[in-house]
Amino acid sequence: MPFFDALARWLGMKKKEVNVMVVGLDNSGKTTIINHFKSPETKNHDIVPTVGFNVEKFKSKSLAFTAFDMSGQGRYRNLWEQYYKECDGIIFVIDSSDKLRMVVAKEELNLLLENPELKNRSIPILFYANKMDARDAVSSVKCSHLLELQSLSNKPWFICASNALTGEGLHEGVDWLTDQLKIVLQKKKK
Amino acid sequence: MTENSDKWLDAYHDPVASLYTFTQCLTLSDIQADGDWKLIVADLGTGTYDMKLKVYKNTTLLSEHTIIDLPTGVVTFYMDTLTPRTPAIAVASGPYIYVYKNLRPYFKFTLPPLDIHPVEEDLWNQAKTDQVNILNMRDTLEAMRQEGASLTVRSIKLLQMETNNLQNFVNLHKNTPLKKQTVITCLSTMKKSVPDDDAISCLVLGTENKSIYILDPEAFTVLATVNLPNVPVFISVNGLFDVDYRIVVSCRNGCIYTLKRGSTDVTRNMIELNSQPVGMERVNKNIYVGCMDETLHCFTSKGKKLWTVRLPASITAMEAIDYKPKSFTAVIVALSNQEVHIYKEKYLVDVLKMDDVVTGMRFGRFGREDGTLVMSTKRGGLFVKILKRTAKFEEKDKLAGPPAAQNTKLNLPKKTKLFVDQTQREREQCVAMHRTFQRDLAQLRLKVLREYVKALDSSMNPISSDPMEPLKLSAHVQGIGPTFKFSVKLQNTSLTQSSSNLLITFDYDEHLYDFRKKLIQVPILVPGLTYSFDTFIDCKTDKGLSDNVKVYVLKPGKSIPLITGVVSMPVSESIVLV
Ligand SMILES: Nc1nc2c(ncn2[C@@H]2O[C@H](COP(=O)(O)OP(=O)(O)OP(=O)(O)O)[C@@H](O)[C@H]2O)c(=O)[nH]1
Ligand SMILES: [Mg+2]
Numbered sequence: 001m002p003f004f005d006a007l008a009r010w011l012g013m014k015k016k017e018v019n020v021m022v023v024g025l026d027n028s029g030k031t032t033i034i035n036h037f038k039s040p041e042t043k044n045h046d047i048v049p050t051v052g053f054n055v056e057k058f059k060s061k062s063l064a065f066t067a068f069d070m071s072g073q074g075r076y077r078n079l080w081e082q083y084y085k086e087c088d089g090i091i092f093v094i095d096s097s098d099k100l101r102m103v104v105a106k107e108e109l110n111l112l113l114e115n116p117e118l119k120n121r122s123i124p125i126l127f128y129a130n131k132m133d134a135r136d137a138v139s140s141v142k143c144s145h146l147l148e149l150q151s152l153s154n155k156p157w158f159i160c161a162s163n164a165l166t167g168e169g170l171h172e173g174v175d176w177l178t179d180q181l182k183i184v185l186q187k188k189k190k
Numbered sequence: 001m002t003e004n005s006d007k008w009l010d011a012y013h014d015p016v017a018s019l020y021t022f023t024q025c026l027t028l029s030d031i032q033a034d035g036d037w038k039l040i041v042a043d044l045g046t047g048t049y050d051m052k053l054k055v056y057k058n059t060t061l062l063s064e065h066t067i068i069d070l071p072t073g074v075v076t077f078y079m080d081t082l083t084p085r086t087p088a089i090a091v092a093s094g095p096y097i098y099v100y101k102n103l104r105p106y107f108k109f110t111l112p113p114l115d116i117h118p119v120e121e122d123l124w125n126q127a128k129t130d131q132v133n134i135l136n137m138r139d140t141l142e143a144m145r146q147e148g149a150s151l152t153v154r155s156i157k158l159l160q161m162e163t164n165n166l167q168n169f170v171n172l173h174k175n176t177p178l179k180k181q182t183v184i185t186c187l188s189t190m191k192k193s194v195p196d197d198d199a200i201s202c203l204v205l206g207t208e209n210k211s212i213y214i215l216d217p218e219a220f221t222v223l224a225t226v227n228l229p230n231v232p233v234f235i236s237v238n239g240l241f242d243v244d245y246r247i248v249v250s251c252r253n254g255c256i257y258t259l260k261r262g263s264t265d266v267t268r269n270m271i272e273l274n275s276q277p278v279g280m281e282r283v284n285k286n287i288y289v290g291c292m293d294e295t296l297h298c299f300t301s302k303g304k305k306l307w308t309v310r311l312p313a314s315i316t317a318m319e320a321i322d323y324k325p326k327s328f329t330a331v332i333v334a335l336s337n338q339e340v341h342i343y344k345e346k347y348l349v350d351v352l353k354m355d356d357v358v359t360g361m362r363f364g365r366f367g368r369e370d371g372t373l374v375m376s377t378k379r380g381g382l383f384v385k386i387l388k389r390t391a392k393f394e395e396k397d398k399l400a401g402p403p404a405a406q407n408t409k410l411n412l413p414k415k416t417k418l419f420v421d422q423t424q425r426e427r428e429q430c431v432a433m434h435r436t437f438q439r440d441l442a443q444l445r446l447k448v449l450r451e452y453v454k455a456l457d458s459s460m461n462p463i464s465s466d467p468m469e470p471l472k473l474s475a476h477v478q479g480i481g482p483t484f485k486f487s488v489k490l491q492n493t494s495l496t497q498s499s500s501n502l503l504i505t506f507d508y509d510e511h512l513y514d515f516r517k518k519l520i521q522v523p524i525l526v527p528g529l530t531y532s533f534d535t536f537i538d539c540k541t542d543k544g545l546s547d548n549v550k551v552y553v554l555k556p557g558k559s560i561p562l563i564t565g566v567v568s569m570p571v572s573e574s575i576v577l578v
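As you go down the protein sequences, you meet chains A and B in turn.
The first sequence runs 1 to 190 under full-length UniProt numbering.
The second sequence runs 1 to 578 under full-length UniProt numbering.
Bound conformation, chain A alone:
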């Protein structure tokens, strides 16, 4: 019933829907981050490494997110590109305590940015420098430096340090992403 949908949206009852992809290396905390945003009744209590991918739904202050929680394991990473086309935004999660694999994260990010589906799109990318609580975690500034984010110029991006276990830093990131996606949606309307 389109009419009621429009009415509800106008009244602010029904939120606009967006698709986001959550990517990053295995064990970086993607599933844990999404779990944090879910409503208490749908929350998962024990989180195991994702196989393939999962589709999860959660809401921010003004948008309804459909999140593709991709598995970060090497053998599933080639699945990521299958969903680039449909997504409106990307959340890239980094384990900021895994210094050894920073280069791998950078390599995967480069592959993502070079993908023809995304290369020329101005799609917003939110980076979580996750596990900021870990003993040898590097700062988000250092993280963006290691991934050479300064040279990423054709897409809006934002990085924030986070702790998915406590939720610290997560909302800051999603608020930024929400604002960005709203701009995108407005442009689309025109």
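Incorrect hints may have been included.
Which bits of chain B does chain A cover? Going by a derived footprint, with three or more residues having C-beta under 8 Å, they are [as the list claims (entries may be wrong)]:
#1 7-13
#2 55-61
#3 180-193
Partial selection, computed: residues in chain B whose CB lies under 8 Å from chain A [to be verified]:
#4 325
#5 366
#6 367
#7 368
#8 369
#9 370
Residues from chain A that keep clear of chain B, each with C-beta distances beyond 12 Å, as calculated [stated by the list, open to error]:
#10 16
#11 46
#12 51
#13 54
#14 72
#15 73
#16 101
#17 106
#18 144
#19 149
#20 168
Hint data in this document are derived by calculation from the structure and do not stem from the laboratory.
We treat Cβ as the ideally placed atom computed from N, Cα and C, and that holds for glycine.
Fit chain B with the ligands to the given chain A structure using the hints.
For chain B with the ligands alone, kept in the frame of chain A given last:
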């Protein structure tokens, strides 16, 4: 970091990690059962002290333990069925194996003592009660050593002493019981009865007294002993102790032996190498051996040689790659020219250029990454590279190895009768043919030398042999006649010395030619520059004759020319009258 391969990511490098270690003393293992694999390094310290067992978690040093003697090998193995499944670390050092569990010292295993030579034992027993003259004792021991008897470390030390220290040394040691021990040269593991990844494993060790021991992981008793013809240095094990196993050992005498469960004949399937082995790896069923003579060989498990490749430098370390996610198997060879070569079968598929000579390498899972290559270097650096997810190793994508065309059969024609006869003749007359050839060769040489001497004597060559006047001459003729242009080029080939006071003149048949300039005065010749002098020649005949013309470069006061050039004149066209 100079990097020319695009297949690897540079994950970490610390050129000053101050690690002194080798492939055998490096291992990767999930010792905390948390999926985050650690790097375990037995560090040889300075080579005399400061030996340490170091454990790296990601890029930070997690723990350090002092080791008393030089380590010769490190492995991890499951010694119990407790959960969480944490493997123990075993470090071989001298005659001992130190076992660490949960990063704490747990157990020390000592190799069984060896039998002492009865005469040696007697001597020390007598020394205990001062019944023997120390100098006599030394002489007897020395005689035994020279006869090739193997002595205890204590006796060998005594033989190295100065005479005035002997008494003190004997007094210090005579009351402690005499023991003879061997040292461990190589260490490996073998699953006991099930092939699971976390199954209980036995330790397999090779020793300096030419034996292989297999140890029980729970009781630390010797389950089996095999004697070898020589000292084992590299060991590779597969199979299960309780079912069937195969141990391949390469020994210091350049032979590789295969030991099987229940068989004592180690010389079956023996491989003899041309040179000493410096590394041995087994991938699938093949044995890859690197030798001191800069070669890499591949053998089947039956001992049949499959191929050999020559390497550009000597081998400093070897390691196998068995990368399951891409089912990629290869052998990595580190070379003394600071390169690391990767061979897939006999094809060189990748080359890594390093800043230092790699002395130790492990490929496997480190941290959470499966395709990691950990390298230690000569100057003490630690390097970690990660295989790219998108890396592809194509056979023959590097120039090395035989070209594909070599494997296609050529369509050879049948042997002709002539060919067969010729071969026959060559076979029968080979001595005579060789002699004739040699004689002709000698004569040719003689003739060449004679001509050369003649040329030198008469300065007949266009380059001066006189060190005082180093000159080079070239002359040529231009034109079709009857008037030609004759040009002479002179160059002073010395570096510093100039030539002066020279003349150019010509020798020719006056009936045939007329030179307009018969003598050319040469100005001072500056070193290095080429000067050109010209004259015109008129040909006086129209009968189609031609002759040689000689050019001389003369120096007043010398009876023979400095250099001579000979130019053969072309046949002149006759004058066309219009
Ligand atoms: N200390 C700490 N641990 C975290 C944090 N976030 C996640 N973890 C832990 O990291 C581990 C992996 O988290 P997951 O959410 O499964 O990681 P993932 O990115 O979904 O991994 P894959 O599904 O395999 O791609 C879990 O044990 C989490 O408890 C964090 O901020 N701090
Ligand atoms: Mg997950």
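Q. Hint by hint, which ones does this structure get wrong, listed from lowest number up?
A. 3, 14, 15, 16 and 17
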